[in-house]
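Peer 1: Single-letter residue listing:
Protein chains: 4
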Amino acid sequence: MSSTYGENLKLSIFGQSHGAGIGMTLDGIPAGLPVDLEALQQFLNRRAPGRNAYSTSRKEEDRPEILSGIEDGYTCGAPIAALIRNNNARSKDYSNLYDCPRPGHADYTAHVKYGGFQDVRGGGHFSGRLTAPLCIAGGLCKQWLEEKGIRIAAFIVSIGGVTDPYEYDPTDPPIDRICQDFPVLDPAIGEAMRRRIEEVRAEGDSVGGIIECLITGLPAGIGEPMFGGVESRIAQIVYGIPAVKAVDFGAGYASGYMRGSQCNDAFTFENGRVVTKTNHAGGILGGITTGMPVIFQAAFKPTPSIAQPQQSVSLSKGTDRPLVIEGRHDPCIVPRAVPVVEAAAAIAIFDMILGNTQTDRRK
Amino acid sequence: MSSTYGENLKLSIFGQSHGAGIGMTLDGIPAGLPVDLEALQQFLNRRAPGRNAYSTSRKEEDRPEILSGIEDGYTCGAPIAALIRNNNARSKDYSNLYDCPRPGHADYTAHVKYGGFQDVRGGGHFSGRLTAPLCIAGGLCKQWLEEKGIRIAAFIVSIGGVTDPYEYDPTDPPIDRICQDFPVLDPAIGEAMRRRIEEVRAEGDSVGGIIECLITGLPAGIGEPMFGGVESRIAQIVYGIPAVKAVDFGAGYASGYMRGSQCNDAFTFENGRVVTKTNHAGGILGGITTGMPVIFQAAFKPTPSIAQPQQSVSLSKGTDRPLVIEGRHDPCIVPRAVPVVEAAAAIAIFDMILGNTQTDRRK
Amino acid sequence: MSSTYGENLKLSIFGQSHGAGIGMTLDGIPAGLPVDLEALQQFLNRRAPGRNAYSTSRKEEDRPEILSGIEDGYTCGAPIAALIRNNNARSKDYSNLYDCPRPGHADYTAHVKYGGFQDVRGGGHFSGRLTAPLCIAGGLCKQWLEEKGIRIAAFIVSIGGVTDPYEYDPTDPPIDRICQDFPVLDPAIGEAMRRRIEEVRAEGDSVGGIIECLITGLPAGIGEPMFGGVESRIAQIVYGIPAVKAVDFGAGYASGYMRGSQCNDAFTFENGRVVTKTNHAGGILGGITTGMPVIFQAAFKPTPSIAQPQQSVSLSKGTDRPLVIEGRHDPCIVPRAVPVVEAAAAIAIFDMILGNTQTDRRK
Amino acid sequence: MSSTYGENLKLSIFGQSHGAGIGMTLDGIPAGLPVDLEALQQFLNRRAPGRNAYSTSRKEEDRPEILSGIEDGYTCGAPIAALIRNNNARSKDYSNLYDCPRPGHADYTAHVKYGGFQDVRGGGHFSGRLTAPLCIAGGLCKQWLEEKGIRIAAFIVSIGGVTDPYEYDPTDPPIDRICQDFPVLDPAIGEAMRRRIEEVRAEGDSVGGIIECLITGLPAGIGEPMFGGVESRIAQIVYGIPAVKAVDFGAGYASGYMRGSQCNDAFTFENGRVVTKTNHAGGILGGITTGMPVIFQAAFKPTPSIAQPQQSVSLSKGTDRPLVIEGRHDPCIVPRAVPVVEAAAAIAIFDMILGNTQTDRRK
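Residue numbers (this note's numbering), protein chains in the order written: chain C, 42 to 404; chain Y, 42 to 404; chain U, 42 to 404; chain E, 42 to 404.
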């Protein structure tokens, strides 16, 4: 199913960028879980547009109305539904997009699939704006995971070629070293990334980047073999974020270049608990958590909307034609995507914990 | 669910490496699809162990018995079930694995999850042997896709650091240039890869590698937005293959370092059909196929079973201890994983096509 | 999952009787299907409260706002979301329901499951009011089925012991003979039913009844064997309607008392088409439609809220206590349940048609 | 999906009556659950054909081979797979069934759906024989429920018009009074049922009947609102049993004729526990168990295969024609269906318990 995710919880996301509103339903959540709506709003604000010089100037409040499922600060067992009104949608004419698809966007594929009935305004249901309801669901799951001592935090590794040459011990990832305002490990490199974004904006261009996500406090034994593994479940939802073109876990791509003697993480006892001395596995063996931190990366392609003239086609005339995209656009969505990656990871992890069955040790 | 995959078809895989047998059920397949069991066997042989100097010496026939669903060379509408007997399972003593988990394997995570009730022999349900039933399902889907003009072929990009510096046009990938015996684009590099495998075997070590998968002939409009996108669906099943630690699509990781003006694929008409001039998107925009070839890569970590001594723990004693893994093992599973990647892709694509709804063009 | 239904479409219903609003998301609907919102409102009005002497006096507009998925009178491929605000919810004190569960309601089972965190006001998520979003989804599916010549209409067979001794030919059910205002086949019996409802209301009591649903125009071949059969799919959703305690198909219960020679429906050709001479099967053999009308019944228990004093318990004190339910309540929900049964059937049938695969005849 | 069931466990059934074998995969079962294979065989024997004068003379051993998932008497966490070989399938010619569908069977609907590619031998995948793998899965679930003090037992209420005028207290159903050999409450009536079966067999006819299923020991709080309710989940799977045409719960159909004052079950404390004084609800309110016994009935239509000549059609010639079904057939499948109903109920209940989330009482 397209906009539905989950094995034990069921997340259903709706809305179009310029329709009446966007939102989500989250079914299957136990009653009695505390909800801090103020903290949720803070989390959503990290994703919201129009807050920084380096993002789009469209200012949406992204203030969700809880329609059901939460009473007096606790989940009540009924599905949680939330709605964000689209207040700032300009009534400008998008009709040319039905004829001339923007390169890198879903305009053409939506045209083929939906036969011209799709809502093209602002990308319709394919808009990055739909990550706001993902952040509502994910922000809630993140709170509930934190109650269990599970923390999720992501940071920017690279933007537009400005790459953090970070080193850290993946058995103890630097979750508390992530900068608050611009989520990087090294503020100087963050500053260089921001400058790079401004440069490409001035050139009417855009850049992509790499985000790394850290999950600590996960107990061992979460996840299922084969298609229900932690990698499968996280990758499915992270690839649901627009612009993601790569997802890898632990040593990831580099694993393909390693030797077994180097890649295998040796087991050892530490304070009476089994740990691994290294963490090339990214906290996952056989699809199941080892109890070590789960670490993954996602690569985002550059924003397809650029000011430079591009070549496209006229679908009605059957001819090539130039396209100039008007308006201001995010030259880089990577900073705003950081909480979205956290949200996606939180949903996947919470879903797996909900359905987890674990057997007591055989006597 | 752990060993179950699919939205429209339902694949269910069962078995343990050293149990009575392994197999699969594939439900939801329309009646009347032709099945070439001989071609299926040829496909399975590509994955089977014991056929090459560079793979494990355990010789299994991997000859599936069709239990249901296929009559007189056609699917009959009933679920397809197939069984491969485990003939060559040695009765050697695996019981030490309950106490001393092998680094890089699922022994420890299975121990935590299943409390000591898991079948550890040969990795049990986590064994790479379980990719054989995946190849039965995938080999069938591949045949049915070929009937529609959709071809799937994978090749080895890199093994143990021996990397093919290939260049090709991703709008027209070299599906017919893949070597038959050892699936690479350049036989000289394939020879170097094989030598590398022999070297690491001699050192009691193992290596990983990178596989690239090409899918041609896919019509535009397949896939769904968000979590039902082609990337999500393929990544979920490919991460179900043991040892996969990275999956990316099109320009993939490199997208994160590109500019929009470079990464966007310009549209153009070619023979009255919309195509893109480049294919950094890997044939997917907004989760939906563009009609261009779908291209993805998967990175495999090195085989965790190595002859060199490793450090592990005694779970019962609560102490560290050395571990030496006996027996012969694949120093590199990448060559045998090539048809497995094709199978996984075929299942994901066939599943999406089964459920595809597409709307005729608005008048 | 609790409030989620569907194999090919995904319906997710949210809301509590006295929360901010109730609504639904319907994902997986193809683009380009026409939507008549006025006809949808007419359909919803058939379910709405406060319109008749014989129903509750709470007057809700039940006027849904379409939040997404429908543009310019057509589905656009994005999930359809709709919201009905709860305008008329009185702020009366429901807190005693946390302590003293109403017999026949879900108060006690919700208390056990949700530990006191449930929303008890007006039954919360268990309220019959949640059938309004079911009718939004079902009303849409009904329109789309009508486009294909498939008609669904239900009528009242029995209320409070006043039973229609109707006879009709189930190979040609009297879909056009159903009265508009009060959906019965015989208006005189409908009048007697209404009088019965008034009588029990005067006595502070309530009554149940039986509804029969007719589906015509369904092609043969819809449905799947075993758990995906038409009976399984319809029964699952119809049992999701509050108060339903029985569902049967065709001759239904009476089948258990028949002989094979009597129950088997003989095949015959009629106008070059295979039909059955009788229709004890209710249009379904092996879970798959025969092309004959699908006919089923659902029995509704009496409204649990009655004015007469009842015995309940004080959960906090651990003692028995009497309970008097204040306010006015529907003495019979059966008339308002008629469109709900149609809606449920429409959703189930449309879902099955969406996923239907059928094979052309073997040459 | 057709032959797949379950939200938390995943049951997948395969096979055709006269193919190589029939069987099932049951995924999602926790490790460490004890399995008594001898008790499972005893349970399967209750369903097996050829054991009584009143059932078909085909003698199948129905002795399943466990292919995976069970080691040393315990589940091991891997999917459980089991296979029953079809040993006694006669090679008689079934090809006329492709042209002349048997009334009351799925021959015609399979013909339409599968276009002539279906396996018609003995009903193929639609055969009642496919209830054997359902009984494997259900027999296992039944054992695991018994470990938790949950008992499931069904008995025959009516066969061929011979009906047991039983009375019992549904708050304490007579689970221990069910006769062992022929599962009725009153052996004299059981004897009359058997005579009735012999009579109709002599007449070349068949009869249907009614089965009632009792489930005791279920805690309160199992099940979900709306489509995930106990009624929805049980009805879906019970309707997957061939020949079932009615399912109702508690007072069931009779509820439609009751008054609220009569139907509502008053709450009371008994030994410090909340119970209901009556049990018209059949142990379910709002889809969730009350802690009282769950009781449901299923009506089975008469066996469609009868010796008397019937009217059918020649699909190839487009004309009506008479049909005489050769061979011996069960004149009544109801006695053998009793363990199948228990199996279906056990699977549904175990599935719901697996996924159950319950919240501790609010302080």
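These aren't lab readings, by the way, just hints derived from the structure by calculation.
Among these hints, one or two may not hold up.
Same chains, same label: a pair holds when it works inside one copy or across any pair of copies.
List of simulated lysine-lysine pairs, DSSO-like, C-alpha gap at most 27 angstroms [said to hold, decoys possible]: (1) Lys358 <-> Lys404; (2) Lys358 <-> Lys318; (3) Lys189 <-> Lys318.
Peer 1: Under a CA distance limit of 27 angstroms, which applies to Lys358 and Lys318: within one copy, between copies, both, or neither?
Peer 2: between (63 angstroms within a copy, 19 angstroms between copies)
Peer 1: At most 27 angstroms between C-alpha atoms: does Lys358 with Lys404 qualify within a copy, between copies, both, or neither?
Peer 2: between (75 angstroms within a copy, 14 angstroms between copies)
Peer 1: Treating 27 angstroms as the Cα threshold, decide for Lys189 and Lys318: within, between, both or neither.
Peer 2: within (24 angstroms within a copy, 41 angstroms between copies)
When each numbered hint is compared with the structure, no violation occurs for any of them.
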